[in-house]
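Line order of the protein sequences matches chains A and B. Residue 294 in numbering that gives the first Met the number 0 sits at position 295 of the first sequence, with consecutive numbering throughout. Residue 0 in numbering that gives the first Met the number 0 sits at position 1 of the second sequence, with consecutive numbering throughout.
Hints in this document: simulated from the structure, not taken from any laboratory. Certain hints may be false.
[Unchecked claim] A few chain B residues that face chain A, going by a derived Cβ cut-off under 8 Å, partial list only: (1) GLU62; (2) LEU110; (3) LEU178; (4) GLY181; (5) VAL189.
[Said to hold, decoys possible] Far from chain B, some chain A residues (derived; all Cβ distances over 12 Å): (6) VAL157; (7) ILE170; (8) PRO223; (9) ALA264; (10) ALA277; (11) TYR361; (12) VAL378; (13) ALA405; (14) LEU415; (15) ILE416; (16) LEU444; (17) LEU470; (18) TRP472.
Glycine residues also receive a C-beta, built at the ideal position from the N, C-alpha and C atoms.
Listed here are the chains, written in short residue letters.
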Amino acid sequence: MVGALLAVILLAPLVVVALCVALRRPRAAEFFNLAAAIVVFAAVLRLMPLALAGPFTFWRGYLIVDPLGAWVLLSVASVYLLASIYAIGYMRHEVDARRLYRFYALFAGFALTTLSGPLMNNIGVYWIAIELTTLVSTFLVCFELSRESIEAAWKYIVVVSGGISLALLGIILYYWSGSLPLGPTYDLTWQALREVAPRVNSTIALMAFLLVLVGFGTKVGLAPMHTWLPDAHSEGPTPVSAMLSGALLNTAMIGIARFIQVSDAAHLGILPRVVVVAIGALSLFIAALFIARQTGVKRLMAYSSVEHMGVMALGFGFGGTLGIAGALYHMLNHSLNKSLMFFGAGNVMQVFHSKRIGRIRYVNSVMPVTGLLWIAGAVAITGAPPFGLFLSELTILRAGLLGPNAWAVYVMLVLLIVIFVGFLNHFRAMYFGANPRADAPVTALPPRRHVSAWCLLPMWLALLPLLALGLWWPAALTHYFTVIAEQLSVAPLTASLPGGVP
Amino acid sequence: MLAAQLPPLVASLFSLLAITSLLLAFVMLGSRWLLEYLIAFAVESWLIAILSAAVGYYAGYPELYFIAILTALFRGLVLPYLILRIIRRLNVDRELHERLAPTSSLVVGALLVLFAFVVSSHLGQSLGVAGTVAVLALTVMLSMKLIGFLMLTVRGEALSQILALLVLENGIFLGSQILVPGMPLLIELVILFDLLVVVACFGVLVRFLVAHAGTSSVRELRRLRG
Chain A
0 MVGALLAVIL LAPLVVVALC VALRRPRAAE FFNLAAAIVV FAAVLRLMPL
50 ALAGPFTFWR GYLIVDPLGA WVLLSVASVY LLASIYAIGY MRHEVDARRL
100 YRFYALFAGF ALTTLSGPLM NNIGVYWIAI ELTTLVSTFL VCFELSRESI
150 EAAWKYIVVV SGGISLALLG IILYYWSGSL PLGPTYDLTW QALREVAPRV
200 NSTIALMAFL LVLVGFGTKV GLAPMHTWLP DAHSEGPTPV SAMLSGALLN
250 TAMIGIARFI QVSDAAHLGI LPRVVVVAIG ALSLFIAALF IARQTGVKRL
300 MAYSSVEHMG VMALGFGFGG TLGIAGALYH MLNHSLNKSL MFFGAGNVMQ
350 VFHSKRIGRI RYVNSVMPVT GLLWIAGAVA ITGAPPFGLF LSELTILRAG
400 LLGPNAWAVY VMLVLLIVIF VGFLNHFRAM YFGANPRADA PVTALPPRRH
450 VSAWCLLPMW LALLPLLALG LWWPAALTHY FTVIAEQLSV APLTASLPGG
500 VP
Chain B
0 MLAAQLPPLV ASLFSLLAIT SLLLAFVMLG SRWLLEYLIA FAVESWLIAI
50 LSAAVGYYAG YPELYFIAIL TALFRGLVLP YLILRIIRRL NVDRELHERL
100 APTSSLVVGA LLVLFAFVVS SHLGQSLGVA GTVAVLALTV MLSMKLIGFL
150 MLTVRGEALS QILALLVLEN GIFLGSQILV PGMPLLIELV ILFDLLVVVA
200 CFGVLVRFLV AHAGTSSVRE LRRLRG
């Protein structure tokens, strides 16, 4: 059953790529991509309870289905579904219909590589999956062939390829030190890395951990390796931005989470976790600075992704059941919420014909429904109740107070408040008229315009679960996270998730 | 552990190949001409192929012969050919936008090698393999990595950046042949394939860059900031 679902999840996007290239019809491409997204989402939902039964491996141990991977698949599949619905309404306006089939072929290919990342059991193959996501998404980022988008794509591919090669260096160093006790040939599975960890030289293990953290951290967009992220996320077409922020970053984050476990098994002391926590706090800090003075509406969302990746890094860095539960809950909430924010930004940009915050005025009177959903999303993404991110951030804060890195909790709190003020201030300007200090000329408002249902439906579909997840933390999820945390821990856990969450 | 049981002559052969590859990285660092970069890269790839074959022969990993052939074919012939085609099409033959003159970058490169040597002899000591070819392989691997990043920083031409990324990869590949010759074959195959795809993607992107942004220099790309 698990094998069949796995085959469905990986084959459906592959079939779409083949069909798009073979048929070259724009409407057919839209339809096949949406159908594949629905099928993948349904298969992942069915896979979730099955994955709890423990890690299953397939294809001679190269593929793994475990609860952690299934959870990441859920966030990827949700964003893929939402973005596929949105793309139907959005891309018709943006590109020539003759090029549309290429977009969907690349889009499904991107979904395929992103979905395959969390399923890789062999760290070498996982590295390659991450590298392939970069290569495919580069062409999605520069799909509009404007000068800016090509600049963004170039920075993206150079920075990420260079950064991720450090992860490969780390993997090879680790393999080398593992080959001293184990003999020259062994499998590079996560489990094998974990088992050899206590016998690995600790200097090399530490160096390998730092290299892997920097390498995959580049792909996650953690500061100071985040430089490609605002460009790539803001210049690509909106469905691609949503996939990059909501799906791709999580796929790389899982590699860091799994390597933290390897470094725990190697008994490297507190240094690895301190580094992860420090990088997470730095990401929040950098994001706070750039959010406060941002002028581009999509770049605002991109820096918000840096912020939330920092929050997740803090959760994984704090560790323990609470930290891991918070980080994973945050992952799904952020995926939904960031898709919502990018969709709103896309709708607004199509009506106002500008990416600049200064040109966007009175969103709620020009486009009431989008305006309502978008501002609800903005409140949610800054971590205000009653939405999911409030709960997950609170859980991460609680996890931090239990551990040795409590200083980071206070840093995180202050920066979250700064981001709350900075982020919502831009929305105040976009909704309730000009900033008195801004000297931008007041332009006439665009006529009230009907937004396609394809562009509104995914916003509802993102906001409602987000609200539900904020009001109600299902007990089944607590169980799920506890199982993941047990599998991610080296020693048996002492502190378990208290019953009264939230 | 491979490095410990090698006869001295074989260890010297490995060292010779590794050090020559490092020298070729310096050739790339010290030159302005794109064609020289390319030839240095191709020769470096051939040396790595010879190294793979030698490791396969002396350490008894017959599958490395296969890797050697593929390395020579892909890294030594196909990649240089693809890049040559890009150079011809772009009509750019030399680096015009470097931030650091080639002579100064040679000095910086030498300092980086020194740093890599200190780090790897430290690691070698803590592992108890000090003085073996493993330390040398580690030094060359880290040096080529650092030199690749240096080239990425100081060079502005799009093609130089592609070649710098390839130097990064070559360094890792060279080190892994000596340090972990028993690494599963599949990983090495896929990494080779991945490299081919990377270069193909870069080729397309450079064409976009010239056609839609009107430049082949990365220094001109500075609209997105903040």
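Evaluated hints:
no., hint, in the structure
1, GLU62, "violated (10 Å)"
2, LEU110, "violated (20 Å)"
3, LEU178, "holds (4 Å)"
4, GLY181, "holds (3 Å)"
5, VAL189, "holds (5 Å)"
6, VAL157, "violated (6 Å)"
7, ILE170, "violated (9 Å)"
8, PRO223, "holds (15 Å)"
9, ALA264, "holds (19 Å)"
10, ALA277, "holds (22 Å)"
11, TYR361, "holds (25 Å)"
12, VAL378, "holds (25 Å)"
13, ALA405, "holds (32 Å)"
14, LEU415, "holds (22 Å)"
15, ILE416, "holds (22 Å)"
16, LEU444, "holds (26 Å)"
17, LEU470, "holds (37 Å)"
18, TRP472, "holds (38 Å)"
In summary, the structure is inconsistent with hints 1, 2, 6 and 7 from the numbered list given earlier, while agreeing with the others.
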